[in-house]
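One letter stands for each residue in the lines below.
Number of protein chains: 4
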Amino acid sequence: MSTIVFDTYGKTRVRLTYVRRLGSRHEVQELTVDVFMEGEFKEAFTKADNSIVLPTDTMKNTVYALARKNGVNSIEEFARDLARHFLAGVSHLNKVLLEIKEVPWNRIGDSAAAFVQGGLERRTTSFTATRSSEVFRSGIQDLQILKTTDSAFTGFFKDQYTTLAETTDRLLGTVMQSDWLYTSTDVDFNKTHAGIRSLLLTTFAAHKSLSVQQTLYDMAEAVLKQFSNIAEIHLVMPNKHCLLVDLSKFGMDNPNQIFYPIDEPSGYIEAKVAR
Amino acid sequence: MSTIVFDTYGKTRVRLTYVRRLGSRHEVQELTVDVFMEGEFKEAFTKADNSIVLPTDTMKNTVYALARKNGVNSIEEFARDLARHFLAGVSHLNKVLLEIKEVPWNRIGDSAAAFVQGGLERRTTSFTATRSSEVFRSGIQDLQILKTTDSAFTGFFKDQYTTLAETTDRLLGTVMQSDWLYTSTDVDFNKTHAGIRSLLLTTFAAHKSLSVQQTLYDMAEAVLKQFSNIAEIHLVMPNKHCLLVDLSKFGMDNPNQIFYPIDEPSGYIEAKVAR
Amino acid sequence: MSTIVFDTYGKTRVRLTYVRRLGSRHEVQELTVDVFMEGEFKEAFTKADNSIVLPTDTMKNTVYALARKNGVNSIEEFARDLARHFLAGVSHLNKVLLEIKEVPWNRIGDSAAAFVQGGLERRTTSFTATRSSEVFRSGIQDLQILKTTDSAFTGFFKDQYTTLAETTDRLLGTVMQSDWLYTSTDVDFNKTHAGIRSLLLTTFAAHKSLSVQQTLYDMAEAVLKQFSNIAEIHLVMPNKHCLLVDLSKFGMDNPNQIFYPIDEPSGYIEAKVAR
Amino acid sequence: MSTIVFDTYGKTRVRLTYVRRLGSRHEVQELTVDVFMEGEFKEAFTKADNSIVLPTDTMKNTVYALARKNGVNSIEEFARDLARHFLAGVSHLNKVLLEIKEVPWNRIGDSAAAFVQGGLERRTTSFTATRSSEVFRSGIQDLQILKTTDSAFTGFFKDQYTTLAETTDRLLGTVMQSDWLYTSTDVDFNKTHAGIRSLLLTTFAAHKSLSVQQTLYDMAEAVLKQFSNIAEIHLVMPNKHCLLVDLSKFGMDNPNQIFYPIDEPSGYIEAKVAR
Numbered sequence: 001m002s003t004i005v006f007d008t009y010g011k012t013r014v015r016l017t018y019v020r021r022l023g024s025r026h027e028v029q030e031l032t033v034d035v036f037m038e039g040e041f042k043e044a045f046t047k048a049d050n051s052i053v054l055p056t057d058t059m060k061n062t063v064y065a066l067a068r069k070n071g072v073n074s075i076e077e078f079a080r081d082l083a084r085h086f087l088a089g090v091s092h093l094n095k096v097l098l099e100i101k102e103v104p105w106n107r108i109g110d111s112a113a114a115f116v117q118g119g120l121e122r123r124t125t126s127f128t129a130t131r132s133s134e135v136f137r138s139g140i141q142d143l144q145i146l147k148t149t150d151s152a153f154t155g156f157f158k159d160q161y162t163t164l165a166e167t168t169d170r171l172l173g174t175v176m177q178s179d180w181l182y183t184s185t186d187v188d189f190n191k192t193h194a195g196i197r198s199l200l201l202t203t204f205a206a207h208k209s210l211s212v213q214q215t216l217y218d219m220a221e222a223v224l225k226q227f228s229n230i231a232e233i234h235l236v237m238p239n240k241h242c243l244l245v246d247l248s249k250f251g252m253d254n255p256n257q258i259f260y261p262i263d264e265p266s267g268y269i270e271a272k273v274a275r
Numbered sequence: 001m002s003t004i005v006f007d008t009y010g011k012t013r014v015r016l017t018y019v020r021r022l023g024s025r026h027e028v029q030e031l032t033v034d035v036f037m038e039g040e041f042k043e044a045f046t047k048a049d050n051s052i053v054l055p056t057d058t059m060k061n062t063v064y065a066l067a068r069k070n071g072v073n074s075i076e077e078f079a080r081d082l083a084r085h086f087l088a089g090v091s092h093l094n095k096v097l098l099e100i101k102e103v104p105w106n107r108i109g110d111s112a113a114a115f116v117q118g119g120l121e122r123r124t125t126s127f128t129a130t131r132s133s134e135v136f137r138s139g140i141q142d143l144q145i146l147k148t149t150d151s152a153f154t155g156f157f158k159d160q161y162t163t164l165a166e167t168t169d170r171l172l173g174t175v176m177q178s179d180w181l182y183t184s185t186d187v188d189f190n191k192t193h194a195g196i197r198s199l200l201l202t203t204f205a206a207h208k209s210l211s212v213q214q215t216l217y218d219m220a221e222a223v224l225k226q227f228s229n230i231a232e233i234h235l236v237m238p239n240k241h242c243l244l245v246d247l248s249k250f251g252m253d254n255p256n257q258i259f260y261p262i263d264e265p266s267g268y269i270e271a272k273v274a275r
Numbered sequence: 001m002s003t004i005v006f007d008t009y010g011k012t013r014v015r016l017t018y019v020r021r022l023g024s025r026h027e028v029q030e031l032t033v034d035v036f037m038e039g040e041f042k043e044a045f046t047k048a049d050n051s052i053v054l055p056t057d058t059m060k061n062t063v064y065a066l067a068r069k070n071g072v073n074s075i076e077e078f079a080r081d082l083a084r085h086f087l088a089g090v091s092h093l094n095k096v097l098l099e100i101k102e103v104p105w106n107r108i109g110d111s112a113a114a115f116v117q118g119g120l121e122r123r124t125t126s127f128t129a130t131r132s133s134e135v136f137r138s139g140i141q142d143l144q145i146l147k148t149t150d151s152a153f154t155g156f157f158k159d160q161y162t163t164l165a166e167t168t169d170r171l172l173g174t175v176m177q178s179d180w181l182y183t184s185t186d187v188d189f190n191k192t193h194a195g196i197r198s199l200l201l202t203t204f205a206a207h208k209s210l211s212v213q214q215t216l217y218d219m220a221e222a223v224l225k226q227f228s229n230i231a232e233i234h235l236v237m238p239n240k241h242c243l244l245v246d247l248s249k250f251g252m253d254n255p256n257q258i259f260y261p262i263d264e265p266s267g268y269i270e271a272k273v274a275r
Numbered sequence: 001m002s003t004i005v006f007d008t009y010g011k012t013r014v015r016l017t018y019v020r021r022l023g024s025r026h027e028v029q030e031l032t033v034d035v036f037m038e039g040e041f042k043e044a045f046t047k048a049d050n051s052i053v054l055p056t057d058t059m060k061n062t063v064y065a066l067a068r069k070n071g072v073n074s075i076e077e078f079a080r081d082l083a084r085h086f087l088a089g090v091s092h093l094n095k096v097l098l099e100i101k102e103v104p105w106n107r108i109g110d111s112a113a114a115f116v117q118g119g120l121e122r123r124t125t126s127f128t129a130t131r132s133s134e135v136f137r138s139g140i141q142d143l144q145i146l147k148t149t150d151s152a153f154t155g156f157f158k159d160q161y162t163t164l165a166e167t168t169d170r171l172l173g174t175v176m177q178s179d180w181l182y183t184s185t186d187v188d189f190n191k192t193h194a195g196i197r198s199l200l201l202t203t204f205a206a207h208k209s210l211s212v213q214q215t216l217y218d219m220a221e222a223v224l225k226q227f228s229n230i231a232e233i234h235l236v237m238p239n240k241h242c243l244l245v246d247l248s249k250f251g252m253d254n255p256n257q258i259f260y261p262i263d264e265p266s267g268y269i270e271a272k273v274a275r
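Protein chains in written order, with my numbering: chain A, 1 to 275; chain B, 1 to 275; chain C, 1 to 275; chain D, 1 to 275.
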C-alpha cells in the first residue's frame, strides 16, 4: 500500500504588471507570482476528490483581484495579502507559500511614464504562512558582479589531481544569489531591500579577497552587523571563472589584461550565516 | 558575532563526453557532473584558511581522471566512484553529494558510431555519501508528455474568484520531474531506469485522468508496485496548459481540435509517495 | 527628409496545437507561426495612417480560424492557405511571408492518444507569396548530431597564430541547420521532409570526414542527387567542439575516450549548394 | 552536378574580457566576437583541400593576440583591426565579416575596480571589409523599454477575423533591435553609440504614439536628424503585449492598472529609414 508523505500544489509564473498612477507620474512593477498550498489535500491524489481542490486558475485570478483591491506596495506585503486571503477562504489549507520575483524597471531620465528594464537581477520574497506563523525570506537573485583587483587564491589543499596554480591577482566574478530571514514582519521592506543590496555591492567592491569563501562571509557579516532585523543571511556565490589567456606561444606576455570568461564549469560556494 | 549555520562548496557543470569503443562499435555518454562538499570547512570562510580547501578545479580534474581509470558504466556507479574517492582523500570531509545528469544520445539507424541527440529529457542521479551511509536518488528530468484524451477536471472547490469551466475532455500536458529513492545500492541502475521510464510513460498514456493529482498518484503507485527496490518516488507534474481557442466569435465551433499552448502560468502538482 | 527603404510588419510566435481525431486514434501537431507582410504600408509609419493596418491580433485569429476551416495537413500547405487568405483580403498587400516551425511529438508506444516530445529539432517552412509567385523553402532546425569515428582535420593553412594540432581521429558534432528550395509547389511535403531528414542522417553517419566542409558538401550532394524536386540546399553546420582531455599530467593516456564538450566558441561552416 | 552558390566559414562566440588598468583604476569590457570569411574556399568543400583553410581555432587565437597587441578602444576599431589582419594574411580571402557584441558592465559606485552587469542589452557592430571597401553597421540589441502612457491604437483596417478593441490608452513595450550604417569610418564610435542610445530612449519616452509604426519612425527620424554621419537606421520593435486584465467578472473595474505581460505572440514592426 502506498502513502503520500508530502504533497503540495499551486500555480507558478503568474505574471502581473502593476501601474501606479500618481497624477501624470507613473510607477511600474512587474512581478511573477508562485503560489504553493499544503493542507488536507491527500484525497485529491488518492480518491480523485476534486471537491477539496481550489483550481490553480482561481489562484491566478486572485493575484489580479487582490492587486486591484489592495494595490502592490512591496512584494512582501502583496505576498502577505495573498497568503492571508487563501488561509481565510480555504479551511483545509494548513500552510501557504508565496514566492514573488520583481523585475527591475528604471525610469528613463526624468520622464513621467517611460522605463527601461534593469536586467537579469530579481528582487525576491518567499513568504510562508500557517494558521500560527508568518515568515519572510526576502532576497536578490542573479546579481552579476565582477572585481578586477584584490582577489587571490593561494595556500590551498592539494592532492594527486591538483594542477591549479596559486594566484595573488585574479578576476573574481559571480552571479550572487541571496536571501535573508526577517526577525519581524513589521519592516520597511522596500527600504531594507535597497539598503542590503547597496551594502552587498560596496562590501564586495571594497573587499580584499583571499578566497570566495572569505568574501562571501565578509558580505554576510556586514549585513548582519548593519541590519538588526535580519536573523540570518544566505549567500550563494558561484565562482564564474574568467581565465587568463596564455599568449606566451605567440611570444607575448599577458599582464592580467586578456581573459576569457566561461559559463561552465563554475566553482560553487554557499553559506548561511546567522547572528 | 556571526555564526555559520550551513556551508557547502564544490564544482558545478563539469561536462564529460565518454566514448566506449567496443571494436568499431562505439557507445557515447554525455554527462554533467556537480560536486558538493560538506565538512570542517568553516575556517575557510571565517579565517580565510585555504589549507583546508581542495580547489574546485581539482574536483573537475578528478571527474576526468576517474572516468579514465574506472570507466563510466552508469551515472550512479560513476557518482559512487567519485564520492568514495573524495571521502578517502579529504579527511575533514563529512559528506559529499554528487549530482549527475545524462544527455540522451540515440544511435542513427544501425551505424557503428553516429548519434542523434534525444532532446531535453535528462536521466539524473543524486548520490549522498557520508562516512557511514550511501544514498541514491535517481530520476528523470524534463520528460515532456501530452495526452489528448481521457482527461477531465470537474467538481472542484469554488470561491468568489473561481471562473474556470468544468471539463470532461481537455488536453493534459506536463513536463514531468521525477526522482526515486533506492532501498539498496546494489541495483542494475541502467535497467531500472529504463524500466521505470517505460512504466511512467505507459501509465500516463493509459490513465483515465480526473485530475493531475490523480494521474500523478497512479503513476507513482505503478512504480512502487512493480519495483521492489524503490522506497519512495517523488513526482512533479506542472499542468502545462493547452487552451481551447474560442472560435464562436467567427461563427465556428471547435470540437477539441484547435488549442494554443502557453508556457506561463502553469499549474503545479507535486507529491512524494512511499511504500 | 527621411525615406523608408524597407518595412514589414506582422505577428510572431503564434502557437497552435492541432489535434486530429481519427476515431479514438489521435494525431497531434504543435506549430509556431510567424506572419510578415510587405506592401503599401509606408503611411502607417510616416502619417500614422492606421486604416491600412490589419491588426497583428487579426493575424493571430486567422491562424486559428483557418486551422479550423481547412485543417493542417503539412506546415507547407497551412502556410499556403494563410498566405493566400491574406493576399485575397488585403488589396494593398504585395508580399506575405509565412514561417512555421513544428515541434516533434512522438506517439508513446502504440497508445491511441498520448505523446512524448521529440526534442529540440524543428521541422520548418518559409513560404513567400506575392501576387505572381509562390516559393517554398522548407527545412530542419537544430538537429544535434555527433560521430565518434571517421573524422580528421589535417594539412590546413597555418599562420603565426596557428596552434591547432592536426588530428586523424576526432569527435565531430554539430547542430545542423538546413533548408532547401522546392522547384515545385506540388510536392508531398511530409514524405519529402522525412526522406531528406533520413538521408542527411545516414550520409552524416557513413561519411569519412576530412573536414566539416567536406562532410557538409557530401550531405548536400546526396540530397540533390536523390530529390529531383529540390533546386538548392542550404546547410549550416557549426563545429560544436568536443575536446580531448589532457590526462598526461596525471600519468594517464587518453585513447580518444575522455572528452569535454564546450558550447562556445564554435567553428561555423555554411554553404548553399545548387543543382 | 552540384555547384556551391554561397559559402562562408568562421568562428562564433569567441569571448573576451579585456581589463584596462589605468593605475589602480580599471575599466572592463566583455565582448563576444564572431568571424566569417568568404573567398576562394570552394575546394575545401568539393575536394577536401584543407591547405586553403585557416583553422577557426586560429581565428580565436587571433582575437586574443590582437587584443593584447592593439588594445580594445571601441568594438568598431577592434573589428577593423581583426578584419585588416585577416585580409593581410590570407591572400585568397575576399571578404571578412566581424560581428562583435559588448556586454554592459557598470562601475559599482566610485569603486576603482568593481562592476555590476547592466543586463540583456548589447552594444553591437557588424563590420564588413573587402579588398576595396569597409562598412560599419553598429547598433543596440535587446533594449527593453516600456511606456505606460501616450499610446493609442485606433482606426485600423478590419476584416472578418478582427476582434481587437480600439484603445486610446494602452501599455507600449518593446525589445528594441537597432542598427545603423555609418557614412564614414572615421567616427568617435563610443560617443556616437552613447548619443544615439540616449536619443532613442528620450524620443521613445516623449512620443505620443498612435501606433508602433509611428513611434518607430519618429525614433528613426530623430537619429537621422541629429547624427549626420548616419546614412540609414534600421529598427525592429516587436510589440511585447501587456494585456489589461478583465476584472469585471469579479465586480471590479480596472482603470489601466492591472496588466499581464505575455512573451508570445508578439506584434512585429520593422523598418529601415534612410536620409
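It is worth saying that the hints were derived from the structure and are not from the lab. Just so you know, even glycine gets a beta-carbon here, dropped at the ideal spot from N, CA and C. Incorrect hints may appear among the rest.
[As the list claims (entries may be wrong)] Straight-line distance between alpha carbons at most 30 Å, and here's what the computed BS3-like set of lysine-lysine pairs gives:
1) D:Lys191 to C:Lys158
2) C:Lys272 to B:Lys240
3) D:Lys225 to C:Lys101
4) A:Lys240 to A:Lys272
5) B:Lys158 to A:Lys47
6) C:Lys158 to D:Lys272
7) C:Lys158 to C:Lys69
8) C:Lys240 to C:Lys101
9) B:Lys158 to A:Lys101
10) B:Lys158 to A:Lys240
11) C:Lys69 to D:Lys42
12) B:Lys225 to A:Lys47
13) D:Lys95 to C:Lys47
14) B:Lys225 to A:Lys158
15) D:Lys158 to C:Lys47
16) D:Lys95 to C:Lys272
[As the list claims (entries may be wrong)] Example chain B residues on the side facing chain C (calculated, C-beta under 8 Å, incomplete):
17) Arg15
18) Gln29
19) Glu30
20) Ala65
21) Ile108
22) Gln117
23) Gly118
24) Ala152
25) Gly155
26) Thr162
27) Leu164
28) Ala165
29) Leu247
30) Phe250
31) Ile258
[To be verified] A short list of chain D residues far from chain A (calculated; beta carbon distances all over 12 Å):
32) Phe115
33) Gln144
34) Gln177
35) Glu221
Structure-based check of all given hints:
1. D:Lys191 to C:Lys158: With Cα atoms ~38 Å apart, Lys191 of chain D and Lys158 of chain C exceed 30 Å; violated.
2. C:Lys272 to B:Lys240: violated (39 Å)
3. D:Lys225 to C:Lys101: Violated - the C-alpha atoms of Lys101 of chain C and Lys225 of chain D are around 40 Å apart, more than 30 Å.
4. A:Lys240 to A:Lys272: holds (20 Å)
5. B:Lys158 to A:Lys47: Distance ~19 Å between Lys158 of chain B and Lys47 of chain A Cα, so the pair holds.
6. C:Lys158 to D:Lys272: violated (41 Å)
7. C:Lys158 to C:Lys69: The hint is violated at about 61 Å.
8. C:Lys240 to C:Lys101: holds (23 Å)
9. B:Lys158 to A:Lys101: holds (27 Å)
10. B:Lys158 to A:Lys240: Measuring from Cα to Cα gives roughly 48 Å; hence the hint is violated.
11. C:Lys69 to D:Lys42: violated (48 Å)
12. B:Lys225 to A:Lys47: Roughly 18 Å between the alpha carbons, so the hint for Lys225 of chain B and Lys47 of chain A holds.
13. D:Lys95 to C:Lys47: Given pair Lys95 of chain D, Lys47 of chain C is violated - Cα atoms ~40 Å apart, limit 30 Å.
14. B:Lys225 to A:Lys158: The hint is violated at about 48 Å.
15. D:Lys158 to C:Lys47: holds (19 Å)
16. D:Lys95 to C:Lys272: Holds, because 17 Å separates the two Cα atoms, which is no more than 30 Å.
17. Arg15: With Cβ-Cβ at 5 Å, under 8 Å, it holds.
18. Gln29: violated (11 Å)
19. Glu30: Given a least distance of 7 Å, the restraint on Glu30 of chain B holds.
20. Ala65: Hint on Ala65 of chain B: holds, closest Cβ of chain C at ~5 Å, below 8 Å.
21. Ile108: holds (5 Å)
22. Gln117: Holds, about 4 Å.
23. Gly118: Check passed: Cβ of Gly118 of chain B comes within 6 Å of chain C, closer than 8 Å.
24. Ala152: At about 14 Å, which exceeds the 8 Å cut-off, the nearest Cβ of chain C leaves the hint on Ala152 of chain B violated.
25. Gly155: violated (23 Å)
26. Thr162: violated (25 Å)
27. Leu164: violated (19 Å)
28. Ala165: violated (19 Å)
29. Leu247: Constraint on Leu247 of chain B satisfied, holds at 6 Å.
30. Phe250: This interface hint holds because 5 Å falls under the 8 Å limit.
31. Ile258: Holds. Min distance 5 Å.
32. Phe115: Contrary to the label, Phe115 of chain D does not stay out of reach of chain A, its closest Cβ about 5 Å off (not over 12 Å).
33. Gln144: About 4 Å separates Gln144 of chain D from the closest Cβ of chain A, which leaves it inside 12 Å; violated.
34. Gln177: It holds; Gln177 of chain D is separated from chain A by about 14 Å at its closest Cβ, greater than 12 Å.
35. Glu221: Holds: least Cβ distance 18 Å, greater than 12 Å.
Against the hints set out earlier in the document, violations occur for numbers 1, 2, 3, 6, 7, 10, 11, 13, 14, 18, 24, 25, 26, 27, 28, 32, 33.
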